[in-house]
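Throw the hints in and build the complete structure from the sequences for me.
As they're listed, the protein sequences go chains A and B.
Converting from the first sequence to this note's numbering requires adding 44 to each position, the first position being numbered 1.
Position 44 of the second sequence, counted from 1, bears residue number 36 in this note's numbering, the numbering being contiguous throughout.
Mixed in with the good hints there might be a few duds.
The list that follows gives simulated cross-link-like pairs (lysine-lysine, DSBU-like), each with its CA atoms no further than 35 Å apart [said to hold, decoys possible]:
id, chain 1, residue 1, chain 2, residue 2
1, A, K136, A, K205
2, A, K170, B, K62
3, A, K208, A, K162
4, A, K135, A, K155
5, B, K3, A, K208
6, A, K135, B, K62
7, B, K3, B, K62
8, A, K208, A, K136
9, A, K208, B, K62
10, A, K162, B, K62
11, A, K170, A, K155
12, A, K136, A, K162
13, A, K135, A, K208
14, A, K170, B, K3
15, A, K205, B, K62
16, A, K136, B, K62
17, A, K208, A, K170
These are computed hints drawn from the structure, not numbers from a lab.
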Amino acid sequence: MEIPYTVEPRPDTGVFNAKLGIWLFLASEVMLFGALFSSYVLLRTGAPPGTWHHGREFLNVPLATLNTMILIGSSVTMVMSWASLKLNDFKKYRLYLGLTILAGFGFMIVKGFEYGHKFEVGLFPKSNTFLAIYFTLTGLHGLHVLGGMIVNGYFLGPGAKLWKTQPERFANRIEVAGLYWHFVDLVWIFLFPTLYLL
Amino acid sequence: MSATDVEAIRKQTRIYIAVFIALAVGTILTVAVAQFQLPVALAILVALVIASFKGSLVAAFFMHLSHERKVIYWVLLLTVVFFLALMFIPSLTEWNQRYLPR
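Rendered as structure tokens:
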């Protein structure tokens, strides 16, 4: 059976189905991260005065700044990979998507160093409430980065075959994968100052 | 793809680079402001304003929301309403404890 509206927009929505689908998924993601973020605010404002531990006491700001730069850079390469497909340049697409995946690895390695150092000095989620919410939020975000890398890896490897038979459908898939990746970047843009700096 | 489409995409890629530079500057600004040890309320305000600005750039340009179909805006409007409700829960909890009889 042919899946409808993978390329041409559906008349009633005006978009191809996967685009509406990914936005609905991202809406649910906003609620997931929003609920945890709201919990962070509640835990912090509800803590008895003087008992709250701040991120800057334990966290490595230069490493997190580096990770922020890596992630926003990866958003640019992601959108450039989609633009390359629109310009019919498959080689550039592979280059940019490869760089995006590489940046994902870079982010996870830096995050791994950060986590590793915390564990070495005996800082765990159970250590205090700040670290509990820090590990929850950054851990969930890290899983999202990993998920994006797997999807992008598929589109760099076996999934790229679709380009030969249905190039427009393939470009739409990359756009949708990109929307997810940019959302993960967007979440980090808010996590970085609120966890590391404030 | 027509020549005008190709030109439009090329123009967009130049915008993407400009957005990246703005995001990088925003990141440096966020870290720089944090060094000043501003009063807590002001520090939170400044950090959130910069983060919102950066987030809007990502959404508008990388996620193409600057020129998207109505249906997507409606989905997002609904999301924003529920997101704001979530963000008010901490305040509601506080009011509840302060004003309602135990």
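Taking the numbered hints from earlier one at a time, note which ones the structure violates and give those numbers from smallest to largest. Of the numbered hints given earlier, those the structure breaks are 2, 3, 10, 12, 14 and 17, listed in rising order.
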